[in-house]
Amino acid sequence: MSPAEQRSADRVVRSLVLRCADWPLVAAGASPDEASVVIGGGRVVVASPAARAEGIEPGHRRREAQRRCPSVVVHHPDPDRDARLFSAIGGALEHITPRIELSVPGIAAFPTRGPSRYFGGDHALAIQVMNAVSGVMVGLGWPDSVGIGVADGRFVAEQVARSGGVTVLEPGASAAFLAPLPVGVLGRLELCDVLRRLGIGTLGAFAALPAADVVARFGADGLIAHRIAGGLDERPPHTAPPPPHLTVSIELDPPVERVDQAAFVAKGLAERLHSGLEAEGLACTRLCITAETDTGACNERLWRHEGALGVGAIIERVRWQLDGWLNGPTLLRPTSGVSRLTLIPDEVGPARGRQLGFWGGETAADERAMRALARVQGIVGVAAVTVPEVRGGRSPIEQIVRVPVATVELTASRSALSGNGRELLTAPWPGRVPTPTPALVLPEPLPALVCDQRGSVVAVSGRGALSAAPATLGEQNVAGGAGGATGAFPITAWAGPWLTDERWWDPVAHVRRARLQLLLADGRAVLVCCEHGQWSIEGWYD
Amino acid sequence: MFDTGGVTASPSPSFLHTGTDPATDSALDSRVDPRSTLRRLSELIRPVTFAREHTLPVLDPLVALLPDGGLTRGSLLQVCGVGATSLALSLMAAGSQDGSWAAVIGLPELGLVAAAEHGLVLDRLALIDAPPTRRGAELVAAVLDGVDLVLLDARMALSGVESRRIAARLRERGSVLIMVEPVCSMGPRPSLSRTSGPRISTTRAPAAGASTAGASMSQAAGGWSPDVVLTVAGSQWQGLGEGHGMLRRRRVRIDAIGRGRAARPRQLEVLLPAEQGSVDVSG
Chain A
0 MSPAEQRSAD
10 RVVRSLVLRC
20 ADWPLVAAGA
30 SPDEASVVIG
40 GGRVVVASPA
50 ARAEGIEPGH
60 RRREAQRRCP
70 SVVVHHPDPD
80 RDARLFSAIG
90 GALEHITPRI
100 ELSVPGIAAF
110 PTRGPSRYFG
120 GDHALAIQVM
130 NAVSGVMVGL
140 GWPDSVGIGV
150 ADGRFVAEQV
160 ARSGGVTVLE
170 PGASAAFLAP
180 LPVGVLGRLE
190 LCDVLRRLGI
200 GTLGAFAALP
210 AADVVARFGA
220 DGLIAHRIAG
230 GLDERPPHTA
240 PPPPHLTVSI
250 ELDPPVERVD
260 QAAFVAKGLA
270 ERLHSGLEAE
280 GLACTRLCIT
290 AETDTGACNE
300 RLWRHEGALG
310 VGAIIERVRW
320 QLDGWLNGPT
330 LLRPTSGVSR
340 LTLIPDEVGP
350 ARGRQLGFWG
360 GETAADERAM
370 RALARVQGIV
380 GVAAVTVPEV
390 RGGRSPIEQI
400 VRVPVATVEL
410 TASRSALSGN
420 GRELLTAPWP
430 GRVPTPTPAL
440 VLPEPLPALV
450 CDQRGSVVAV
460 SGRGALSAAP
470 ATLGEQNVAG
480 GAGGATGAFP
490 ITAWAGPWLT
500 DERWWDPVAH
510 VRRARLQLLL
520 ADGRAVLVCC
530 EHGQWSIEGW
540 YD
Chain B
0 MFDTGGVTAS
10 PSPSFLHTGT
20 DPATDSALDS
30 RVDPRSTLRR
40 LSELIRPVTF
50 AREHTLPVLD
60 PLVALLPDGG
70 LTRGSLLQVC
80 GVGATSLALS
90 LMAAGSQDGS
100 WAAVIGLPEL
110 GLVAAAEHGL
120 VLDRLALIDA
130 PPTRRGAELV
140 AAVLDGVDLV
150 LLDARMALSG
160 VESRRIAARL
170 RERGSVLIMV
180 EPVCSMGPRP
190 SLSRTSGPRI
200 STTRAPAAGA
210 STAGASMSQA
220 AGGWSPDVVL
230 TVAGSQWQGL
240 GEGHGMLRRR
250 RVRIDAIGRG
260 RAARPRQLEV
270 LLPAEQGSVD
280 VSG
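Chain order of the listed sequences is A and B. All the letters of the first sequence, read from the start, carry residue numbers 0 to 541 under numbering that gives the first Met the number 0. All the letters of the second sequence, read from the start, carry residue numbers 0 to 282 under numbering that gives the first Met the number 0.
Since no wrong hints were added, every one of them can be taken at face value.
Calculated pairs, DMTMM-like style, for lysine to aspartate or glutamate (alpha carbon to alpha carbon, straight line, at most 25 Å):
(1) A/K266 <-> A/E299
(2) A/K266 <-> A/D322
(3) A/K266 <-> A/E346
(4) A/K266 <-> A/E291
(5) A/K266 <-> A/E277
(6) A/K266 <-> B/D122
(7) A/K266 <-> B/D128
(8) A/K266 <-> B/D144
(9) A/K266 <-> A/E388
Covered stretches of chain A, going by a simulated chain B footprint (3 or more residues, C-beta under 8 Å):
(10) 374-380
(11) 396-402
Hints listed in this document are in silico derivations from the structure and should not be mistaken for laboratory results. The beta carbon of each residue, even a glycine, is placed where N, CA and C say it ideally should be.
Between the sequences and the hints, there should be enough to build the whole structure, so can you do that?
Right under this line is the structure:
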């Protein structure tokens, strides 16, 4: 590389990074004084300061966290909610700079060259940002949880922001700042594991290794990590913007006011963008999503992703952005619906390629089915076309639910149905009626009467003992009497009851049910359920 | 002469199975009837269709029920009786596991757990609500375009013209349409009493066993003319006692009658559902 190219390759973009520690907890509505954690995948993802004081660290299992602090409040991860609330922060910074870049809910970044000159220096800029954001944070109840860092390069600025408050690092001091930090902050688990075992514990020691040896041992990914550890940006800034023909946009007529309609439209748009980029051998790492309305209001955001943005990721970000705009604070909400949606790939890199499995992945049959379902959605509406999703439960109606097909990516292998879902279906749920499951499950249980020989309704005691053997099954008419003219069907055999006692800790949602399998005289079998003394038909074994 | 290799036409010409060697036949050709030579030649140049391409597979116990040993592409099946839903799900199971997509139109009461137990792959299953009136034909045609196995709720009202158009589209696209009427009301079942069920209208006198098949060929509801009508009868559940046990398996008898190649009535006794949830041969 010529010296000029070397210099341009080493040039870094001075950026400001705003980091809100524990953003998932802020979005979940927790308060900073109580010990609360977000648990995802069985392990602690984020812990509040009070929880950290008790000794709970990210990475602990749930039981470990509860052992250290029995009164810890557990929240579940919800990336949609996190992103939606974080766009309010983006809105607060809009008057400072238009090029806010959001990567993960909780971290926002932007280059400081222009705004810094406008506000008179990096420090003044950082104070402006802090004032703008602290109003929002105080409103959310977390006054001192935002850290702002200004430095050469996004990674360095993020590390600077970790210390909380406002910190400005002079130009050229990044290498010295990064040197004592442990290699774990790079975020690459396997690489850091190997480095630690080799005896390289700090970023300074790693940056001191010759680049050629790092490439030979760790490959291209290791070279990127080496550049970051040295204080350089992870990829040299591109001087040429991506070609304009890759931009895709769509006019929405009539304007859409609901986020799910816009997300449905964005799906086709994202696929067009993706195929356009793939044809050129590029993958998008930073995307600009612009939404405009008839009246001229415009909402523009830059989204960055560590890997490449796939179709599903793009749709997710469109949904987050529009959710934050259309359902956000009333002052910023647009007066009419979104009439134009544009996707502009801001930063592209060479595509690494997708390794499609030889036997798996998308097939011609899948594509045909997806096209047909898209047409069907146009006929009956988006919500009327659904696919099954396994949830797990005790009654047949709870175990598998229907979700609109527009919200899932059909071609990606849905883990809910392959590995994880099968375990959910076959897991032993105490009180579940054993297989075979009724082939017809009524969406709303039909009220019925199960009566004994003398005609009185059969009752189930708290311990599961029936008051008498059931003899007839009849439909309950409006007046509440036994079905006479419609005919009460005699019962030839029965079994049960299978008792379930769900949510006993919640006085509102507490429900106790008893289920019976009944065989009627005409050969049909039926599953009935008793709740609070009222019998109902749940399903027919057709 | 001609080397047919691994290709088998359906049905395979009889001369391939004779014990004689074609090479030695040439010496006898002068004394062989020219008509038989012509017949052999016509069988050799008959266009070869792979059986695999024009049927969709079905589970082993049900192979004896269908004329082609599978679901003929472009055919319309009607399933009725107590147990119709389970039978329809079992018919679709093998095709779904083989890679075909399946769609259900209407039938909000379909039990998805039961579908999974019968063997349907939930990854390739789409559920479509019943369409608004007068768009039913358009919807069914759109679904047939993209999906190989379609389960249709027989309660959907479609006129005779629309059903004929759908049948034509079905044959053109090569999908399979299964109509089922679910038994989920408390009223008396019409098909249980033999006299009140739909009648058979056959053109030639069938064997005595055909009278048990209670299905009509040309006058089914809504102007449909199904290629095969399957009636599930005689369901006997096993495993349930007087206050003990649980429903384990059901023995049913399935009667099949159809048009064209399926005109000969067939009967089959199976366990539907069997212990593992799917269909099995009657033990």
